[in-house]
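Peer 1: Chain by chain, the residues:
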Amino acid sequence: MKIRSLWYHIVDGFKNIHRNRLFSLASMATIAACIFLFGVFYSLIANFQYMIESAESEICVTVFFDEDLDETGILKLGDTISQRSEVSRIHYTSAEEAWENFKSEYFADYPELAEGFSDNPLAKSASYEVYLNNADDQSTLVEYLENLEGVRQVNKSEATATGLASAARLVSYIAIAIVAILLAVSIFLITNTIVIGITVRKDEISIMKYIGATDAFVNAPFFVEGIVIGLVGALIPTIILRYIYAGLVNYVLSKFSVLKNILNFLDANAVFNVLVPVSVFLGIIIGIIGTFFAVRKHADV
Amino acid sequence: MIIMENVTKTYTTGVPALNGIDLHIQKGEFVFIVGKSGSGKSTLIKLLLKELDPTSGKIYINKKFLNKITRKKLPYLRRDIGVVFQDFRLLPDRNIADNIAFAQKVVEAPSRKIKGRVLAMLSMVGLLDKYKSFPNELSGGEQQRVAIARALVNNPEILLCDEPTGNLDPANSNEIMRILDQVNKQGTTVLVVTHNMEIVQQMRKRTITMSEGKIISDMEKGGYFYED
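Chains A and B, in that order, are what the protein sequence lines are. Each step along the first sequence adds one to the number in my numbering, with nothing skipped, and position 149 is 149. Each step along the second sequence adds one to the number in my numbering, with nothing skipped, and position 222 is 523.
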C-alpha cells in the first residue's frame with residue numbers, strides 16, 4: 001500500500017463510520033463504558049497503592065536488646081539487620097535518646113518530675129526502629145529478629161497497610177474480571193459494526209478485487225474505522241473521568257477535612273499521565289483486533 | 302497470451318463444469334465463447350480470473366502460471382485483465398467519472414494522471430459530455446460503455462466480457478461491439494462470452510463453442526456452431 005493512498009483510506013474510513021453511524025455509536029459507547037470502568041479501577045488501585053506506600057514507609061518494627069549486650073554489640077546487630085532485603089532503613093535510639101524522648105513526651109509540662117530520676121530508668125532500652133520495604137514482609141522479619149541472638153524483644157506494628165494491600169488486590173482482581181468481559185464485548189461489537197460496513201460495501205469490494213486491489217488496500221478503510229471508533233471510545237471517558245476525579249478529590253478533602261491526615265490522594269496529573277496513554281492504546285488495540293476479526297472472515301469477497 | 306492445458310473443473314457436488322479443456326489464445330486476438338447455459342462458459346471466465354482453481358490441468362496468462370499464483374500476487378495478475386459484466390456493476394453513489402477514476406485509485410495510480418486518463422476513456426466510449434451523470438441517469442448501453450471504460454482505464458492486456466450485451470437492445474449491442482472491436486484493434490486481447498448469435502455471425506471473429514464442459518468447435522472466422 002502506498003502513502004499517497006493514506007488520505008483516501010482515512011476519508012473512506014470516516015465515510016464508513018457515517019454510513020453505519022448507529023452501530024458505530026453503539027461500539028463507541030461500549031468501548032467508552034469499558035475504558036471508563038478501567039479508568040475508575042485504575043484510579044482506585046493507583047490511590048490504594050499510593051496510600052499503601054505512604055503507610056508502609058511509616059511501618060516499623062522496634063527491636064530491644066538483651067540487658068548484658070553493650071553498645072558495640074548492639075551496633076553490630078544493627079549492621080546485620082540493615083543488610084536484610086526486607087529492610088529499607090534503620091534508626092538507632094540510644095538509651096539516653098530514649099529517656100530524652102520519654103521526658104519530652106510525658107514530662108513536658110512538669111520537667112521537675114523527671115529530675116527525680118537520678119539514673120536513666122531506660123538504661124537498658126536502646127533500640128532500633130527497623131523500617132520495611134513492604135508491609136507484607138513484617139511477619140517474616142519479626143520471626144527473624146526474634147530468633148536473633150542478643151534480641152530481647154520485638155515490638156511489631158499492627159498497621160492497616162496489610163489490610164489495604166489485601167483490599168487493593170481484591171479490587172485488582174474484580175477490575176481485571178470486569179474489564180476483561182467488557183473488552184470482549186467491545187471487540188465483538190466493533191467486529192459486528194465492521195462486518196455491517198463490509199456487507200454494505202460488498203459489491204464495491206468485489207469490483208475492487210476484480211480490478212486488482214490488494215487485500216491491504218481493501219481492508220485499510222475498515223482499520224481506519226475501527227481505530228477511530230476505538231480512539232473516540234477511549235478519549236471521551238478519559239476526559240470525563242479527569243474532571244470527575246479532580247472534583248471528587250476536592251469534594252472529599254473539603255467536606256471531610258478530618259480525612260486529610262488519613263487519606264493521601266494522588267494528584268490528578270499523576271493518575272492521568274498514565275491513564276490517558278494507556279486508555280488510548282487500549283482503545284486503538286480494541287479497534288484493530290475487532291477489525292481484524294471482521295476482515296479476516298468477511299472481506300474475502 | 303492465454304493457455305489452458307487439459308483443464309478440468311469439478312464442483313464439490315461432483316458435477317464436472319469443465320472437462321479436459323485445451324485452449325490457446327494469442328496476443329491481440331478477438332475471441333467469442335458461445336454455448337448454452339451450463340456449458341461451462343462462466344466457469345472458464347472464473348478460472349481465468351482465478352476466482353476458482355482448476356481440479357486438474359494448467360492455466361497460463363501472460364506466461365504466468367495461474368495454478369501457482371499466491372493470494373498476495375493475485376491482484377497484480379488481475380491488473381492485466383479488465384472485466385465487463387452483463388449487469389455493469391457500477392457504483393451507484395458516484396458519477397461516471399468517479400466510477401472510472403475509482404479503478405485507477407484502487408491500483409494506486411498517481412493522482413495527477415488519473416484525471417487525464419479518465420477523460421481519455423470517456424472520450425473513447427463517447428460519454429465525455431455525461432461525465433457528471435450518475436449511473437441511474439444513463440441508459441443500459443451507456444452504463445455498459447462506462448463499465449468498458451472502467452475495465453480499460455488501467456491499460457489491461459486482456460479484456461474479459463461476460464455477456465456484455467445480455468441486457469441491451471440490438472442498437473446498443475452493436476455499439477458495444479463496435480467499441481470492443483476498436484479496443485481490440487488497439488492491441489488488447491478481447492474474450493467475449495455471449496449468447497447473442499446475431500452479433501457472433503456479424504463480427505466474423507474466432508468463435509469457440511462449448512457444450513457440457515467441452516470445446517466442441519473452434520472456428521477461425523466466426524460463425525455459430527449449431528448442435529443437433
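Keep in mind that the hints were calculated from the coordinates and are not lab data. All values reported here derive from a predicted model rather than from experimental measurement. C-beta atoms are modelled at their ideal positions from N, C-alpha and C, and glycine is treated no differently. Fair warning: there could be bad hints in the mix.
Straight-line Cα separation of at most 20 Å, SDA-like style, residue types lysine to any residue; simulated pairs [what the hints assert, rightly or not]:
#	chain 1	residue 1	chain 2	residue 2
1	A	K297	B	L375
2	A	K2	B	K373
3	B	K406	A	R296
4	A	K2	B	K364
5	B	K364	B	K416
6	B	K416	A	D215
7	B	K347	A	T214
8	B	K369	B	K406
9	A	K15	B	K373
10	B	K416	A	Y8
11	B	K337	A	Y8
12	A	K2	B	I415
13	A	K2	B	R413
14	B	K347	A	D215
One side of the interface only, derived from the structure: several residues of chain A facing chain B at Cβ under 8 Å [as the list claims (entries may be wrong)]:
#	residue
15	R4
16	Y8
17	F48
18	T72
19	L75
20	K76
21	D203
22	I207
23	I211
24	G212
25	A213
26	T214
27	Y251
Peer 1: So, for every hint listed, does it hold in this structure?
Peer 2: Each hint tested on the structure:
Between the alpha carbons of K297(A) and L375(B) the distance comes to roughly 19 Å, so the proposed pair stays at or under 20 Å and holds. For a cut-off of 20 Å, the pair hint linking K2(A) to K373(B) stands: about 15 Å separates their Cα positions. For the hint linking K406(B) to R296(A), the alpha-carbon distance of about 23 Å lies beyond 20 Å, and the restraint is violated. Using a Cα cut-off of 20 Å, the hinted pair K2(A) and K364(B) is violated, with the two alpha carbons roughly 27 Å apart.
Taking the CA atoms of K364(B) and K416(B), the gap is about 32 Å. The hint is violated against a cut of 20 Å. Restraint check for K416(B) and D215(A): the C-alpha separation of about 25 Å exceeds 20 Å, so the hint is violated. For the hint pairing K347(B) with T214(A), the CA-to-CA distance comes to about 18 Å; that is within 20 Å, so the pair holds. For the proposed pair K369(B) and K406(B), the alpha carbon gap of about 27 Å is over 20 Å, so the pair is violated.
Between K15(A) and K373(B), the direct Cα distance comes to roughly 27 Å. Violation of the 20 Å bound is thereby established for this hinted pair. Of the supplied pair hints, the one linking K416(B) and Y8(A) holds, its CA atoms being roughly 16 Å apart against a limit of 20 Å. For the hint linking K337(B) to Y8(A), the alpha-carbon distance of about 43 Å lies beyond 20 Å, and the restraint is violated. For the proposed pair K2(A) and I415(B), the alpha carbon gap of about 16 Å is at most 20 Å, so the pair holds.
Pair hint K2(A) plus R413(B) holds up; C-alpha atoms about 15 Å apart against a cutoff of 20 Å. For the given pair, K347(B) sits about 19 Å from D215(A) by alpha-carbon distance, which is consistent with the 20 Å threshold. For R4(A), the suggested interface contact is upheld, since its CB lies about 7 Å from the closest CB of chain B, less than 8 Å. Using the Cβ-Cβ criterion of 8 Å, the hint placing Y8(A) at the interface with chain B is satisfied: the shortest such distance is roughly 6 Å.
For F48(A), the interface hint is violated, since its Cβ never comes within 8 Å of a Cβ in chain B; the closest pair sits about 51 Å apart. Violation of the interface hint for T72(A) is found here, the shortest Cβ-Cβ separation to chain B being roughly 79 Å, above the 8 Å cut-off. Hint on L75(A) is violated. Least Cβ distance to chain B is approximately 74 Å, over the 8 Å limit. A least Cβ separation of about 73 Å between K76(A) and chain B goes past the 8 Å threshold, and the interface hint is therefore violated.
Restraint check, D203(A) versus chain B: the minimum CB separation of about 7 Å is within 8 Å; hint holds. Given hint, I207(A) at the interface with chain B, holds; its Cβ is 6 Å from that chain's nearest Cβ, closer than 8 Å. Because the smallest distance between the Cβ of I211(A) and any Cβ of chain B comes to about 5 Å, under 8 Å, the interface hint for this residue holds. Contact between G212(A) and chain B, as hinted, is supported at the beta carbon level, the nearest pair being about 4 Å apart and thus within 8 Å.
Among the interface hints, the one on A213(A) holds; its C-beta lies about 4 Å from the nearest C-beta in chain B, closer than the 8 Å criterion. The interface hint given for T214(A) holds, since its Cβ lies 5 Å from the closest Cβ of chain B, which is under the 8 Å cut-off. For the restraint placing Y251(A) at the interface with chain B, the shortest Cβ-Cβ distance is roughly 52 Å, beyond the 8 Å limit, so the hint is violated.
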